[in-house]
Amino acid sequence: MFEYAPAPESRDVVDIRPSYGLFVNGEWVDSLGDERDKTINPASEEVLSEFSIASQADVDRAVAAARKAYEGVWGQLPGRERAKYLFRIARIIQERSRELAVLESLDNGKPIRESRDVDLPLVAAHFFYYAGWADKLGHAGLGADPRPLGVAAQVIPWNFPLLMLAWKIAPALACGNTVVLKPAETTPLTALAFAEICRQADLPAGVVNIVTGAGATGQALVNHPDVNKVAFTGSTEVGRMIARSVAGSGKKLTLELGGKAANIVFDDAAIDQAVEGIVTGIFFNQGHVCCAGSRLLVQESIQDELLEALKRRLSTLRLGDPLDKNTDIGAINSAAQLAKIISLSEAGEQEGAQRWSASCAIPDKGFWFPPTLFTGVAQSHRIAREEIFGPVLSVLTFRTPDEAVEKANNSPYGLSAGVWTEKGSRILWMADKLRAGVVWANTFNRFDPTSPFGGYKESGYGREGGRHGLEAYLDV
Amino acid sequence: MLATRSIKTTAKAQAIDLAISMVDLTTLEGADTPGKVRAMCAKAVRPDPGDPSVPKVAAVCVYPDLVAEAVRALGRSGVRVASVATAFPSGRSSLAVKVEDTALAVEAGADEIDMVIDRGAFLSGDYRKIFEEIVAIKAACARGESAAGKGDAHLKVILETGELATYDNVRRASWLAMLAGADFIKTSTGKVSPAATLPVTLVMLEAVRDFRTQTGRMVGVKPAGGIRTTRDAIKYLVLVNETAGPDWLDPDWFRLGASSVLNDLLMQRQKMATGRYAGPDYFTLD
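Line by line, the protein sequences are chains A and B.
With the first letter of the first sequence counted as 1, position 321 gets the number 321 in my numbering; the numbers rise by one all the way through.
With the first letter of the second sequence counted as 1, position 152 gets the number 152 in my numbering; the numbers rise by one all the way through.
Rather than coming from a laboratory, the hints here were simulated on the basis of the structure.
There may be inaccurate statements among the hints.
Looking from chain B toward chain A, a few residues come up when the C-beta cut is under 7 Å (computed) [said to hold, decoys possible]:
1) Arg5
2) Ser6
3) Lys8
4) Ala11
5) Glu206
6) Asn241
7) Glu242
Model, not experiment: these values are computed from the prediction.
Note that beta-carbon positions come from the ideal geometry of N, C-alpha and C, so glycine has one too.
Chain A extracted, bound-state conformation (with noise of 0.2 Å):
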């Protein structure tokens, strides 16, 4: 009796050129190159836009701008300046949050209530949080008067596009530094936004240039030799390549690279609550989140009743169209992407693990993925120990606390892990035993920009976030 009706987002508050260049010096600049590329949007295969596939050429000019406008302007700018322009640029974030909302559905996928909801939100309050500790630095306990680096290239992934932007520019800017930012290839419209809102607050030409592009960009930004740091975010592979060609260069260099999370729950925990952290864990943006909880550690003796009402929670998921507001699950965000999240599911169902899937319609175009979860599996499978990056779960079995340990460690990656238990000092004797950046007790997946993030192991070095994010970007 009670359908639900669509209530699509309206795409006409979004503003999407056909074709984009590169965002250098304050200015829009043709790419001298003449590779472009298309990005589409997941959900529909529809081309969205073209943008510039930036050259070598590119990249020095995009880095000769922001050396500029350190040497010139930014790098002497007293402390409460720069915050004013931080500040200026997170209330146009917030002033043009919907639009940036269904900009970033557009190009990613993910549905209008995580946009609208989480990431946007989120954006914003970074770019709050850093602006409050621009004239402060001295006090964050990384000495009397810590200084810049100077120019930072960052890359970035495609699974939070607009957000991770934040979390690399505003401490930054804060610090003193000037940024070049390389967003995904398959997501830059909103970096190629913020663009826009730079010239709207004002900044000074240079203090943020962006190149789109694809592999060969970020190599060629993150090797270029008048870069002081780098920051990336993204595969664990990528990661090994960069670091192997920073070794002994001289940059400083963080990395927020993969994930295995084990979420983890006790026999005494609040049943419901512990399925709506697993969903919020592992299908929260598809499963496309570095820190996602994908692998479930559930104590035996509650395992059915759990996994019983986890399926009738899956079953209640919405799939669909990502501007709906009504959609829980959105698109994968690329053919590749759905392409490795099939084959690491044939290959779960190959090793022996019971695969289930909610049953959910699948629209004809675009690329999709049904909730799945993996029963059975154990800690040798490959959906066990690979990142698969899409809404597939994994769920183990443990007897006793020290084994829920063991397991949960028993991964080359360190990222987060969630437990969940009524007992508060099995929360604090965990927390100090599992080696992972983020411990989440009865909740998951739960930022805020006062809360340092970052990785153990594969899982990357470095912290953003907080005040330990700002030491990756000051001479300490």
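Since the structure of chain A is provided, determine the placement of chain B on it from the hints.
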């Protein structure tokens, strides 16, 4: 998040009618008079005098001494009479008085009894006392052979979630009431703030869902107090649909304890039919 689904056009029209048919139209004031109750009963049967297609509400809810008046006024309309009992709203009286209070309301013809639990006993950990009280009141709801055609009165147990304070307590009290034989669990008396909230109702819906899974018995849920607009009412219906499931989308299993929400539902209903909003003077204040 669950309650933010979008309901429009046909589904909205159906949702509004469903919500109207789930309303327990309530008056629980010291100043209640037989005249006030009669007026409310008339409204319960024909919520919108100008539009016979509007469904009647589920029940009227009154104090025990006005049950007879309501029964007379409603006649064979099919609208049920609910009565609060057991020293409503505080529940601070002896068991003997509570049982007698209930028995008299049942005898006067109440179809449903809304009892309150002893929150003092709950908060001091004396769960057995509450369990036994509910069992005793349930027994008092039974009608003798003499009552021709009428079955036993249904028992709604008011948890008064605003005084239980935590969700753990709400969940525990829900189970306690269901195990003791409640036909419905109800959030609030309406005399304590906060009254019904979406999170509290979510916890109770999860409880009835799990109770049916484990025992096979279905128990109804009634949020009461603080539901004022159509928007609120629809949020509750969405919550029911997504948590307990569509089986509960029925006046037999879900009620809205409210009074002011009815006029807003009528106003929205008319707006959907005519495309225009009428002023508040076009809806009767009973």
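So, going through the hints one by one against the coordinates:
no.: 1; hint: Arg5; in the structure: holds (5 Å)
no.: 2; hint: Ser6; in the structure: holds (4 Å)
no.: 3; hint: Lys8; in the structure: holds (4 Å)
no.: 4; hint: Ala11; in the structure: holds (5 Å)
no.: 5; hint: Glu206; in the structure: holds (5 Å)
no.: 6; hint: Asn241; in the structure: holds (5 Å)
no.: 7; hint: Glu242; in the structure: holds (5 Å)
Taken one by one, the earlier hints all hold for this structure without exception.
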